[in-house]
Amino acid sequence: MLDIKWLRENPSIAQEALKSRDDGIDLAPLLELERHRREAITQAESLKSEQNRLSREIPELKKKGEPVEELLSRISEIKGQVEEALNLQKSLDDRFQEMALALPNIPHESVPRSLRKEDNQVVKEWGAPPQFSFPMRHHLELGEILGLFDFERGSRISGSGFPIYRGPLARVERALLNFLLDQNSDAGFEVIGLPYLVNRETGITSGQLPKFIDQMYHVTEDDLFLIPTAEIALGGFHRNEILQESDLPLRYTAYTACFRREAGTYGIEERGLVRTHQFNKVELFSLTSPESSYEELERLRRQAETLVEKLGLHYRTTLLVSGDLSQGSSKTYDIEVWLPGQNRYYEVSSCSNCEAYQARRGNIRFRRKEGEKPEFVHTLNGSALATSRLMVALLECNQREDGGVNLPEALHGYLGGMKSLEPQLTS
RNA sequence: GGAGAGGUGGCCGAGUGGUUGAAGGCACUCGCCUCGAAAGCGAGCAAGGGCUUGCGUCCUUCGGGGGUUCGAAUCCCCCCCUCUCCGCCA
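Mapping of the first sequence onto this note's numbering: residues 7 to 433, in sequence order.
To be clear, the hints were calculated from the coordinates, so they are not data collected in a lab.
Accuracy of the hints is not assured; some may be wrong.
[Claimed, not checked] Straight-line Cα separation of at most 30 Å, BS3-like style, residue types lysine-lysine; simulated pairs: (1) Lys316 to Lys130; (2) Lys85 to Lys68; (3) Lys54 to Lys11; (4) Lys54 to Lys70; (5) Lys96 to Lys425; (6) Lys425 to Lys316; (7) Lys70 to Lys11; (8) Lys85 to Lys69; (9) Lys25 to Lys85; (10) Lys379 to Lys11; (11) Lys123 to Lys54; (12) Lys379 to Lys54; (13) Lys96 to Lys217; (14) Lys25 to Lys217; (15) Lys316 to Lys123; (16) Lys69 to Lys54; (17) Lys85 to Lys96; (18) Lys375 to Lys11; (19) Lys316 to Lys11; (20) Lys54 to Lys68; (21) Lys123 to Lys217; (22) Lys25 to Lys11; (23) Lys54 to Lys85; (24) Lys130 to Lys25; (25) Lys85 to Lys70.
Values in this document were obtained by computation on a predicted structure and should not be read as measured data.
Required output: the full structure, derived from the provided sequences and hints.
Laid out in structure tokens, this is it:
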């Protein structure tokens, strides 16, 4: 949600900024509707005020023992008008809310303006793509050799896109999750355990609802939604709160399973673990004052990069152009690891500053000083990290000629001495 | 799922139809007092929104939504949440 007052006062700046994200956005109807809405409010409130004033005269007349019939008929007359005005206001307001909730955030000034994701800027590269002196294997092949996946039974019990990890890989993922949480915790992020199902209001807070409802698994019986990322649940964590300035920044990290319907996406080039309906992810989430949120964004990015570095994976960091930003973000860095099997980089982390976009939707505020007006906080989120693609990278990048895979040193302590995945001798 | 109790301002807590946005207390802010502080005394202290250059003024809000009424924190209905007991269950 954007600041409607700001929008009203800076229509051309806003329009231009939004066009840089999506050509199709036209603010004019929204602003027009907003004007009508305010007129309707003024009208309804002045009528209501009159009704209230007349009502207050009744006890006085009664006290004096004078008749109230005439006054009552005047009131009932005005009541009809009040009701009519309120209905108009309500319908304008509903339409306005609907349009306003659909608007994406304004890109930060440091974000390159372009609608083409090919224009995303690589701002950092670390390490180099692995070179193989033998025929490189796709992670599915390695999985076959090492007995790591069971896609068939995964689809038997759930459907396609619900992979099953077996044997050592299941343990490697657990090691990864623990490693990631420990690292984040050491970096000052509070580890919290979250619900995976959230209510509608929480979905709206993060910007996921109402627009992307078709991408979420929806439990209609209870009107709950399976989270596509822990960010959604974390965004709702402080909903409707007024925090103290001294509370900020608040830093959280959480592991959750993530659920995405991925409606409309094709999976042919993304066989295996690259795109699935359910995956595991550790998330970072910060709430800060407006003036420190961009500093915080760099912190999140740095934290995520450090994790990839400790795992020894080649990556690059890109600054997304305006047209590639997600709904709520003002500025986003993607961290992408190289997947030899796909012959391209794939996102393992996305770090975004949503500024006040989510805070406004979820009414998350803070007060600088006793007696001062509350202000909206800024919220930031970053994956640190998503494990399925990480595991693809670990498998494909660290493979040996015999099909075995060496595991990074950072995980050894979490694996009870296991340092590699070895080809099975029996089948 | 069944029975009961409850949900009021940053917190505690009064309030069963009429200037109650809400007594009282705590916390907080300012002033007096004091060398200074505490105590004491006095004053202030909800959020959102409309109109207004401003002073200000009006509207909404006592878990959420509907209803009754000229008027609802107070009465009625539905829902949500918390607590206790029972049932069921990882």
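To see whether the hints hold, each was checked on the structure:
1. Under the criterion of a C-alpha separation no larger than 30 Å, the hint pairing lysine 316 with lysine 130 is consistent with the structure, at around 16 Å.
2. Straight-line distance between C-alpha atoms of lysine 85 and lysine 68 comes to about 21 Å, which keeps the hinted pair within the 30 Å bound.
3. A distance of roughly 25 Å separates the Cα atoms of lysine 54 and lysine 11; the hinted pair therefore holds under the 30 Å criterion.
4. Straight-line distance between C-alpha atoms of lysine 54 and lysine 70 comes to about 25 Å, which keeps the hinted pair within the 30 Å bound.
5. Under the criterion of a C-alpha separation no larger than 30 Å, the hint pairing lysine 96 with lysine 425 is inconsistent with the structure, at around 64 Å.
6. In summary, the hint linking lysine 425 to lysine 316 is supported, as the alpha carbons are separated by about 15 Å, within the 30 Å threshold.
7. The hinted pair formed by lysine 70 and lysine 11 fails the criterion: a straight-line CA distance of about 48 Å is larger than 30 Å.
8. Distance restraint check for lysine 85 and lysine 69: the Cα-Cα separation of roughly 24 Å lies within the 30 Å cut-off, and the hinted pair is therefore satisfied.
9. Distance check on the hinted pair: lysine 25 and lysine 85 sit about 44 Å apart at the alpha-carbon level, beyond 30 Å; violated.
10. Distance hint between lysine 379 and lysine 11 is fulfilled; the C-alpha atoms sit about 16 Å from each other, no more than 30 Å.
11. As the CA atoms of lysine 123 and lysine 54 are separated by approximately 52 Å, the hinted pair breaks the 30 Å bound.
12. Only pairs whose Cα atoms come within 30 Å are accepted, and lysine 379 paired with lysine 54 is accepted, the gap being roughly 28 Å.
13. For the suggested pair lysine 96 and lysine 217, the alpha carbons sit about 21 Å apart, so the restraint of at most 30 Å is met.
14. For the hint pairing lysine 25 with lysine 217, the CA-to-CA distance comes to about 18 Å; that is within 30 Å, so the pair holds.
15. Under the criterion of a C-alpha separation no larger than 30 Å, the hint pairing lysine 316 with lysine 123 is consistent with the structure, at around 28 Å.
16. Under the criterion of a C-alpha separation no larger than 30 Å, the hint pairing lysine 69 with lysine 54 is consistent with the structure, at around 24 Å.
17. About 16 Å separates the Cα atoms of lysine 85 and lysine 96, which keeps this hinted pair within 30 Å; it holds.
18. Distance check on the hinted pair: lysine 375 and lysine 11 sit about 24 Å apart at the alpha-carbon level, within 30 Å; holds.
19. Of the pairs offered as hints, the one joining lysine 316 and lysine 11 is violated, with about 46 Å between alpha carbons and a cut-off of 30 Å exceeded.
20. Taking the CA atoms of lysine 54 and lysine 68, the gap is near 22 Å; set against the 30 Å cutoff, the hint holds.
21. Taking the CA atoms of lysine 123 and lysine 217, the gap is about 21 Å. The hint holds against a cut of 30 Å.
22. For the given pair, lysine 25 sits about 19 Å from lysine 11 by alpha-carbon distance, which is consistent with the 30 Å threshold.
23. The hinted pair formed by lysine 54 and lysine 85 meets the criterion: a straight-line CA distance of about 8 Å does not exceed 30 Å.
24. Taking the CA atoms of lysine 130 and lysine 25, the gap is about 28 Å. The hint holds against a cut of 30 Å.
25. Of the pairs offered as hints, the one joining lysine 85 and lysine 70 holds, with about 25 Å between alpha carbons and a cut-off of 30 Å not exceeded.
Hints 5, 7, 9, 11 and 19, counting from the list given before, are not met by this structure.
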